[in-house]
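Use the sequences and the hints to build the structure in full.
Number of protein chains: 2
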Amino acid sequence: MKTYTAHIAVTLRRAILDVQGKAVEHALHSLHMPGLTNVRIGKHIELHVQASDQESASAMIREACDKLLTNPVMEDYTFTLHEGEAA
Amino acid sequence: MKTYTAHIAVTLRRAILDVQGKAVEHALHSLHMPGLTNVRIGKHIELHVQASDQESASAMIREACDKLLTNPVMEDYTFTLHEGEAA
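So the protein sequences, as listed, match chains A and E. Residues 1 to 87 in the numbering used here are what the first sequence spells out, letter by letter. Residues 1 to 87 in the numbering used here are what the second sequence spells out, letter by letter.
Treat the hints with care, as some may be off.
Since copy identity is lost for identical chains, a pair holds within one copy or between any two.
[Said to hold, decoys possible] Distance condition first, Cα-Cα at most 27 Å in a straight line; then the derived DSS-like pairs of lysine-lysine:
(1) Lys2 - Lys67
(2) Lys67 - Lys43
(3) Lys22 - Lys2
These aren't lab readings, by the way, just hints derived from the structure by calculation.
See the structure below:
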């Protein structure tokens, strides 16, 4: 068994209005940072995976995302996986 | 002016107990996924930056993180920056 570290980014689908992102964008502009636009806010999930190889680690991450971590109707996810426990 | 896309990951500092992460980890184990551990949950922020070059784009992201997007006492952030509007 090896340990892998996964970083998962969960984002709202493009077609869905991100009101939290809009609020943050408005706040950035109020703070005189007009160059920052199209803010979208999602979740970042970091976890350790105990698996025999990278492929089965990926499969476990996908299962966790599909079953629990994301709402497949409204959200997309991407993840990166690397061996070891470092961040 | 060029457009850059930034992906920012905001995470709770290691020393701080992540109760949301603990709850998710417990739920994963209840769903028969014991191989997933050390879950930590943070924010993922995606935005476009209008800047003359990569260096000033980075500086704008750091300013936004320090002033608004993160709580420097409790949170750390990392970001990646690439040219263009693609995700």
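Checked hints:
no., hint, verdict
1, Lys2 - Lys67, "within (23 Å within a copy, 40 Å between copies)"
2, Lys67 - Lys43, "both (16 Å within a copy, 20 Å between copies)"
3, Lys22 - Lys2, "between (41 Å within a copy, 22 Å between copies)"
Comparing the model with each numbered hint stated earlier shows that all of them hold.
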